[in-house]
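**Student:** Sequence:
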Amino acid sequence: MIDDVKHAGGNTSDVGRIGEQSGNYRLNKLLGRGGFAEVYLGEHIYLKTPAAIKIVHQRLSGDALEQFLTEARTVARLTHPHIVHILEFGMEGETPYLVMSYAPYGSLRQQHPRGSILPVELIISYVGQAALALQYAHNQRIIHRDIKPENMLLGENRILMLSDFGLAMQMHQLTSTPTHRIGAQEEMIGTTTYMAPELFESRPCEASDQYALGVVVYEWFSGSPPFVGSDVAVVRQHIYAAPQPLRSKVPTLSPAIEQVVMKALAKDPQARFASVQEFATALKNACLAPGRVTSRPLSSFAPSGPLKTNPPRLRSGEHASETVVDLVPGAAVPTAQSGTTYFWERLSQLQQKLSRRQMIVGGAGLVAAVGLTSFGAWSLIHALSGASQGRPGKTLPVTRHQTATVAPATPTPGVTQKIINTISSRPSASAGPVGHLDLFARGGDNALWHRAYSAGWQAWESLGARSRMIL
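Going by the UniProt record's numbering, the residue at position 180 of the sequence shown is 180; the numbering climbs one at a time, nothing skipped.
Hints in this document: simulated from the structure, not taken from any laboratory. Treat the hints with caution; some may be incorrect.
Said to hold, decoys possible - Computed cross-link-like contacts, DSBU-like style, restricted to lysine-lysine with a CA-CA straight-line distance of at most 35 Å:
#1 K249 x K267
#2 K48 x K29
#3 K249 x K263
Unchecked claim - Cβ-Cβ distance ranges computed for the label pairs, FRET-style:
#4 A233 x M91: 38 to 46 Å
#5 A76 x G229: 35 to 43 Å
#6 N446 x G229: 40 to 48 Å
#7 E20 x A233: 40 to 48 Å
The model shown is predicted, which means the values in this text are computed figures rather than measured ones. C-beta: ideal position from N, C-alpha, C; glycine also.
Could you put together the complete structure from these sequences and hints?
**Tutor:** Here is the structure:
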């Protein structure tokens with residue numbers, strides 16, 4: 001297994017192989033260096049397309065070469081939109097190299113630095129995409145073993161991709177009996193903060209990835225992982241200590257959400273969800289249930305400055321992935337408050353600006369205009385909340401309509417439409433599997449209304465006035 005690739009600093013020794021050529025790629029920039037390989041930002045000499053090039057430090061032969069080839073084959077056969085793609089493998093003499101797709105928007109650690117608390121809609125979207133990739137890998141009898149924000153990258157159109165499957169294992173190669181105890185080097189592969197208890201006893205399984213994703217979700221909700229301290233202390237806590245209840249850190253969180261997250265963090269893999277996809281679905285349902293969670297307003301994530309035509313460039317984090325493009329010194333780094341600038345860029349391409357009411361009533365047309373598919377539901381969030389604005393950050397104009405009659409328990413279509421027409425808050429949306437969208441808006445009756453899109457728009461349904469989701 002390869003080591004994590006570390007960020008290349010400013011040393012003169014960091015020039016490495018810059019300017020050299022590996023296969024059809026010219027090496028333009030050193031992105032990171034690990035104990036096993038260096039990673040460069042490369043460019044195809046003919047096509048002028050960028051890629052991440054992983055080159056080993058020394059010549060390989062025998063078992064070492066086979067180990068590198070095993071990693072390449074593992075990643076190459078994982079063809080999924082939420083997994084980093086392998087583009088090419090080659091040899092320069094006895095030095096192998098691997099060409100992989102890169103992530104122009106960096107990792108989720110770069111997007112959301114340590115201590116960040118994410119809005120529930122974004123958590124649902126990230127977990128849904130990661131779960132799709134992990135479930136696909138698990139169905140191929142492969143587990144990742146190193147799920148963490150550093151290995152969750154944002155590619156073109158901000159699609160989440162999992163990287164660093166160099167730690168992956170084919171499950172048919174695993175045995176049910178541990179071969180070593182804690183402290184053996186091979187057992188410590190991975191990042192202790194996110195490692196499941198069974199990994200410290202050489203018992204990796206599918207549920208190990210679910211546990212790691214649960215740690216990430218815990219961190220996104222509360223701002224810190226369940227266990228902190230030295231590596232030894234964290235290992236002991238993973239094995240013996242119960243995580244601090246999530247609601248003790250986030251009192252506004254519902255018991256249902258806490259229950260889902262804590263189940264994913266069960267010490268016994270058998271006590272977790274049957275699959276990582278089941279975990280993602282349960283989390284989404286708990287978050288979207290009426291009165292389940294108080295979320296930060298989406299408006300706090302809208303950029304306050306003018307539109308930018310170029311995508312943001314990012315610094316490499318502490319553990320730069322082989323697919324992450326580095327940031328030039330002095331460039332601005334998107335934060336939790338500015339990380340959605342790209343939505344405004346996409347919206348600026350719309351030839352027609354619709355009023356907020358038109359967008360809500362004619363949502364299907366908006367989906368076609370924005371291009372939902374791979375771009376995802378987040379473009380719709382900002383289209384709904386800001387396409388009628390003169391520029392990002394400007395106060396949303398609100399047109400007041402005559403107050404609608406209070407709807408009965410089961411409102412008629414006519415009454416429902418009147419309620420929807422009186423919406424005066426920013427609508428919100430969340431993405432599940434590709435092609436599915438959940439749209440939310442606070443109606444004139446003060447109830448939270450929900451509308452789903454899956455191969456077509458469904459009818460509006462009321463979730464009640466007691467829902468505490470802030471729109």
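**Student:** Holds or violated: are the alpha carbons of K249 and K263 at most 35 Å from each other?
**Tutor:** holds (17 Å)
**Student:** Are the Cα positions of K48 and K29 separated by 35 Å at most?
**Tutor:** Holds: K48 and K29 sit about 15 Å apart, inside 35 Å.
**Student:** For the pair supplied as a hint, K249 and K267, is the alpha-carbon distance within the 35 Å limit?
**Tutor:** holds (21 Å)
**Student:** Taking 40 to 48 Å as the hint, is the beta-carbon distance of N446 and G229 inside that range?
**Tutor:** holds (46 Å)
**Student:** Is 35 to 43 Å right for how far apart the beta carbons of A76 and G229 are?
**Tutor:** Hint holds: Cβ distance 38 Å, inside 35 to 43 Å.
**Student:** If I claimed the Cβ atoms of A233 and M91 lie 38 to 46 Å apart, would that claim hold in this structure?
**Tutor:** holds (43 Å)
**Student:** Does the hinted range 40 to 48 Å hold for E20 and A233 at CB?
**Tutor:** Given a distance of about 43 Å, which is inside 40 to 48 Å, the answer is holds.
Of the numbered hints stated above, none is contradicted by the structure.
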